[in-house]
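Chains as they are written, first to last, in my numbering: chain C, 1 to 509; chain S, 1001 to 1476; chain E, 2001 to 2624; chain G, 3001 to 3102.
Heads up, a few of these hints could be off.
Taking lysine-lysine pairs in the BS3-like style, the calculated list, with each CA pair at most 25 Å apart, reads [what the hints assert, rightly or not]:
1) C/107 x S/1421
2) G/3101 x E/2587
3) S/1421 x C/110
4) C/356 x C/107
5) E/2370 x E/2439
6) C/498 x C/205
7) C/205 x C/503
8) S/1030 x S/1094
9) S/1148 x G/3025
10) C/450 x E/2163
11) C/498 x C/212
12) S/1148 x E/2587
13) S/1094 x S/1148
14) C/300 x E/2163
15) E/2587 x S/1421
16) E/2540 x E/2163
17) G/3101 x G/3026
18) C/356 x C/300
19) E/2373 x E/2439
20) E/2025 x E/2163
21) C/450 x C/356
22) G/3101 x G/3025
23) S/1148 x G/3101
24) C/212 x C/503
25) C/450 x C/300
26) C/498 x E/2077
27) S/1148 x G/3026
28) C/110 x C/356
Note that these hints are calculated values from the structure, not bench results.
Spelled out from the first residue to the last, the chains are:
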Amino acid sequence: MNFPILTAIMLAPVVGLLFILLIPEREELTIKITAAVATFVSLVLAIVAYVLYDNGRGGLQFLQDVSWVPSFGINYSVGVDGMSMPMVLLTAIVIFTGVFASWDMTKRVKEFFIFLLMLVTGVFGVFISRDLFFFYLFFEVAVIPMYLLIGIWGSTRKEYAAMKLTLYLLVGSAFALIGIIATFLYAAQQLGHATFDIQTLAAVKYDLGFQKFVFFLMLIGFGVLVPIWPLHLWSPDGHVAAPTAVSMLHAGVLMKLGAYGLIRVGVFLFPEGAKYWAPLIAVLCIVNVVYGAMIAMVQKDLKFVIGYSSVSHMGYVLLGIAALNTLSLNGAVAQMFAHGIMTALFFALVGNVYHKAHTREIARFGGLAHQMPRVAAGFLIGGLASLGLPGLNNFVAEFLIFIGSFTRDQSLLGGLLSYRILSILAISGIVITATYVLRVVKNTFFGPRKPEWDHLEDARGVEMVPIVVLVATLILFGLLPSLQIDMINSGVAPLVAKIEAAKAIGGIF
Amino acid sequence: MASLQLLTVEILTAALGLGLLALGLLVPQKDRRGIGYVAAAGLAGIMGVALSMRDASGVVLQGYVIDPFGTYFKVLFLAAALLAAVCSFEYVEKMGFNQGEYYALLVLATLGMMILASSGELISLYLGLELMTIAFCILAAYRLDDAKSAEAGIKYVLLGAMSSAILLYGLSLVYGAGGSTVIKEIARAVAAGGASPALILGTIFILAGFAFKVTAVPFHMWSPDVYEGAPTPVTAFLSVASKAAGFAALVRVFFGALPDLHNFWVQLFIALAVLTMVLGNLVAIPQTNIKRLLAYSSISQAGYLLLGVVSFSVLGIGAIMYYAMLYVFGNMGAFMAATAFSNADGSDEIRDYAGLARRSPLVAAVMLFSLLSLAGIPPMAGFVGKLYLFMAIISRGYIWLAILGILMSMVSVYYYLQVAKAMYLGNPPEESQPVRVTPGLQIAMIVSLLILFILGIYPTPLTNYAMNSAVAFFMP
Amino acid sequence: MTSYAWLIPVLPAIAFPIIVFITRKVRFLSALVAIAAIAASFVMAVGVLQEVFLLGITMEHPVEYAVPWLQIPGLLKIEAGILIDPLTAVMLLVVTLVALLVEIYSVGYMHGDPGFSSFFSYLSLFSASMLGLVLANNYFMIFFFWELVGLCSYLLIGFYYHKPEAARAGLKAFVTNRVADFGFMLGFFFLFAMFGTFNFRELAEAIPGYQNTAFLALAAALVFIGPIGKSAQFPLHVWLPDAMEGPTPVSALIHAATMVAAGVYLLARAFVLFASLPDVMLLVAYVGGFTALFSATIAVAQRDIKRILAYSTMSQLGYMVMAMGVGSMTAGMFHLMTHAFFKALLFLGAGSVIHALEEQDIFRMGGLYKDMKVTTTTFVIAALALAGLPPLAGFWSKDEILAATFDHGFTGLYILGTLVAFLTAFYMFRLIFVAFFGKRRAGLHGHESPLTMTVPLLILAVLSVVSGFVGTPFTEHGFSTFVYYGEPHHVEPNYAVMLISVLVALAGIGLAWLFYGRPSDVPERIANRYRSLYNLLVNKYYIDEIYLWLFRRVVLGLSEAFNWHDRHVVDGIFDGVGDMTRISGRKLRLLQTGNLQTYALVIFTAVVIIALWMAAPVFGGVVQ
Amino acid sequence: MITLNHYLALGGLLFCIGLFGALAKKNAVAVLMGIELMLNAVNINLVAFNHFLEPARVTGQVFAIFVIVVAAAEVAVGLALVLNIYRRRLESNVDDLDWMKW
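Please construct the entire structure, taking both the sequences and the accompanying hints into account.
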């Protein structure tokens, strides 16, 4: 396998971007098609890589190494393991569908797709990097296009939201950067040579105090992106303001960068630090789940509902990380994937409705299933995925997280609290989720036909692409989870081995 | 003769400067635009020469040091001067007179910086400094028709002279304490004699003098006013090159003459760095004039560069060198975009940038990415520079300083994005024309943008150059 | 045949996408596909039952087939598997048969509905899920399908989505069931935490030897929450009456015969867990008994034909749960089976009436027997079965429950059960006398339904009569030696119990005749006399209102508070930091006065300060 | 006996006087004169150091001469600019040079 497939996945959008730069601004259709082709290439390559990935062998595959800055041990080294491969696939699916969800974009089309492709390049880059320098570099590359995309093409307090999002993300990443530099320097001292290679860094023995400190930095840095409570506020505002494709990418993929970073850099490099801070994460994630879901219940704007639902759902991912065992980590990664697809579906549909109705206020809708049965069906399926219905991808993920954290036998706060109690609280989230999701479905799509919305057309043609692709993905991995979990487990196994090998230490409380 | 060969760059620069002066007198008024081209070509040529002798080292006349460190900075000054010259073509032509003098002063200021960066001896250091300062005083006040420009000039000349006096007083004390004006000998004397009150006091005065040049808070106060008033290309040149020269000299003096006192002066630099980063960034937030905004931003950049000094390590010097070079392109890029805009619209107000992305995608993009580089956002080169700086500082254990620095650079994103917001989110005013940019400026902007991108993604060549030079400086 | 049993749920499952994607436009084909699929399943179910008999598959020696579905080596093994024992076989037969009849019936009932094809696709999906639930060999899979039947219930209750009540009822059903599923899930999580498996057989082997019964009891109680929701037991019963907003065939299939019985089925499946825990059994028994009485009393005061039947269903489910609680799984399952037939019949009959009249209030009907002979006859047969008159099916199964309750020493519950039997007979015949007999009301003219609807009625009527015979105390090798827990035991006839229940039923019918069978103002007088009690019953003990209050005031109130907190406190803090930064910038810029002498002064002051700092040891200076 | 310290004290004093002039005088020309005094203070230092520390060499003296020359150039530029301002605003009060601030 000499073909650098991962690099190709990442560069396909760049090539598309360069082509778009050359296309005159008024050739809007050509621009869109170019973007679609570029992302389609990424998608196909990602699927090929997903299929070719050898679960039995596990570990990092499709490796490619190019020496970059030798004096600092920086290499352009890419590769995917069982955790990052699904993320790459997720990104490819979401961006591909996102392009179609933006098909009716008419404002400054050229710039839009340029920034969109720039953004996605960064996201791909993070997931395929094995080198911490490139990891961080790509991580940040995604931020600024996001600002412009939201600022220019957004809605509802877009400038405020764009700035808020950018600053939250950047401040967060600042902490992560400090952590990364500290790790690099520590490791360079221990190893005697400089390296940014994650695997090599993971082999270094960091002392406990260092681990606690750096993991905390990582927790803040990546936690903002997850988003962990109380650093979550950029996300509902950002989701609401962003244009459809950006919301999709943003909630679908960008939040996963945070969780992925937390696992890949935080837990993997600092298992003892992770053990120390895990109880804090566990407690905060309950706030995420329950508080987020309850807030979602009283939102009046469709996008705010989904925005807060993301906060709530990412809480599950955090729970999976906090529980630090095989099942829960498998679940966390699977949930990242499943939530990405699910929330992308939601945003695609809401975008569709908003584009035609020019409002997202739930109270103004009602009975939309009459005019838009396909959208209603898609939304319902998304909702069902969201509430964890078996047969859809999210169920498997949430189930694994729950059972993983539930079976973790560790008491906190001197026995006042335990992972089991926290898991029970988190599981109660499925009830709240069902309530708000179905309430929204009911209030938006069910009920008597409103003539006011008779002019709305149902999704058709290219608009169906996102709905079909995303729903199919949810169902495929929902019915055949081993397609997904076998791969994820091959990536989680070494991580868990590392966690288990780490000293048993008490948590923060 | 070997020693004269080492001086090739300086001699050529001096010759170019004088030649331009003469040319300005000889060439008829209408053809004077050509002088700019000559200057640019000359600077480019000299840069080639400088690059070709980047590994040369030696000492001329006991006190003038040619080493990779100095040559690196010379390349930097020449690059900045070249960009400033290209940037000036249209701007100066609009002013309508004395083009020969303008370019001559530009080149002579460059010569001053070169001397500053290379001098291993206090007298020549002072000479270089003054050559640079006086040339800049005139350049800052060059727009005779503009009261702001005159005010900038007089502020610069008076405050510059005061700071020179302070520096000189410090130099005199150090001379007294070390018994010599040659930096190496001073170092030897300090190592033998330890810290005397005169030496400490001298150090403080020298520090104040250099802090003035590198616009470290609280010695920065001249800079926003001068930057705002001076002609835009001059501001650009002043903000990058004079600062870099200040750092080069600062490193030479403090690392060369006073390494044994570093426990003492590092504390001072920490205080300066903190103040500079915080104040520069905070005050930049409410600015509405692009030049003033960039002035405060460039103050804050000095704060980051000071981190490299604080780290007192090879990595720190390398980081300063790397960052200073990127800073040239980043800041010059922003100023070139500002120049292009002011050539077309005659305004420096940020609100007038509304919708610039529609009127000229290139100018907007150059401005945006230059600012992002200044903010240290990947994949722009500024990120790598900041990474090195923070690495240097964290490797000495100053994690809190690094956190402060990074947080402050995130604050800087806020005000940089205010500019981006105007350019990309705003709508162009009615009946606005596309912004027309001359080909020379266009090329310069694209080149500097490309450099920022390339060095951000593939920083290896410059990293190696800077780090090797730093190593050579630290362990000759 | 058993090795192909997995096809039983798969066939309707395949019908679902076929209808959705291919035949949706052609209504006739949609119905055909759905019916063909379920018919095939029915045939196979019969085959399975036959094979269970022939091969001697018993409760102790079930057959299991499984393929791995999700595995994490060493930690988690989830199988997609089927478990076939007599219990499964009986359930398969009941479900496929009722489903088949209901689908045939629906061809007539749903004729002309714009959602005809979707209706059949949902029914197919439901059948598939329900059959999957029945066949599941582990807790995970049962939960999987448990949720899916809940989904179908949601979709079908809200089938008339343009009606706000229907949409609301669907939501209510789903959310209420979610609460229950939450408990159920925790329950089997506890089991997993204790035993590391979800598999029924493995658990059955491990549970009896487990020492920590407190933990086990907790797990069992949590698992029991599942049936409380699904089988509409108090206090999670509120969704079932509202579920009547769905099309009537749906009420018959899902909310009477099969899905609501899934809770009882789960209790039977998990009986090994409960059997060893007397405390939990007691809880089960009393929840069941209470629900039986509770809903029977409500049924007495309702006017909507479907709601009466819904409360009746709850009440009968209460019986079954009580049977489980007193330890007689056989009786519970037996009643489940017979109830499935006659309750489906009642609903389909009611559907026939509604189809003809488009009216659900029994007091606006009357004299229907004249126009709807078949419907009336079959309805009365079913009502008699429900009331428990011999020799109809309901008599035998109910009698077995009462006998078991009495025999196991639950005298209180026995009396309660007998009281419920009386009420059952009373409210059913109240319905019959008011709706089917008496005078015709103005403006409503019934007509007999088409054959597609009446034929299923007739078949079910036959079953309502004969299905009880498989389990009478007089039957050799009957139901009790087939479906049982522990040792098969033949129930001896308890003539006293039989006699009492017959008398009680007759008394109920008699009272109904006295009140409603002839013109009378007695009911009204009683209602007026005991107005508050009457209101309590009409308003279903105000349970809905209490829940609504809890949801609106407490949950939504708390949510609003959180929302406010998020928007103002959390956001306020972070925005405040941002504002502070901006404001400090605005203040700090004032230092820059523009006066060059100020600048110079600052410079010199700074130098002096530094010099002092360095000179004075107290400030950490270096110069001593 | 006049020692090095006396000279240094003189230099310091002169520096402070010059500084006071530079800070307190409102006329730009006067400010320039103050600065000249400060530079002269430096010159005294230099020459004194040279004399007392290494009388064999003339480094300090040379340095002082350079300072004088450069100061002359500085003043020339300074005066030219003051003249320019004066022509434009008809005054040379430094307090009024605050068009650019904040």
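Outcome of the hint check:
no., hint, in the structure
1, C/107 x S/1421, "holds (17 Å)"
2, G/3101 x E/2587, "holds (13 Å)"
3, S/1421 x C/110, "holds (18 Å)"
4, C/356 x C/107, "holds (15 Å)"
5, E/2370 x E/2439, "holds (10 Å)"
6, C/498 x C/205, "holds (11 Å)"
7, C/205 x C/503, "holds (11 Å)"
8, S/1030 x S/1094, "holds (12 Å)"
9, S/1148 x G/3025, "holds (22 Å)"
10, C/450 x E/2163, "holds (12 Å)"
11, C/498 x C/212, "holds (16 Å)"
12, S/1148 x E/2587, "holds (24 Å)"
13, S/1094 x S/1148, "holds (17 Å)"
14, C/300 x E/2163, "holds (22 Å)"
15, E/2587 x S/1421, "holds (23 Å)"
16, E/2540 x E/2163, "holds (23 Å)"
17, G/3101 x G/3026, "holds (18 Å)"
18, C/356 x C/300, "holds (18 Å)"
19, E/2373 x E/2439, "holds (16 Å)"
20, E/2025 x E/2163, "holds (24 Å)"
21, C/450 x C/356, "holds (15 Å)"
22, G/3101 x G/3025, "holds (20 Å)"
23, S/1148 x G/3101, "holds (11 Å)"
24, C/212 x C/503, "holds (13 Å)"
25, C/450 x C/300, "holds (19 Å)"
26, C/498 x E/2077, "holds (23 Å)"
27, S/1148 x G/3026, "holds (19 Å)"
28, C/110 x C/356, "holds (22 Å)"
Checked against the numbered hints listed earlier, the structure breaks none of them; every hint is satisfied.
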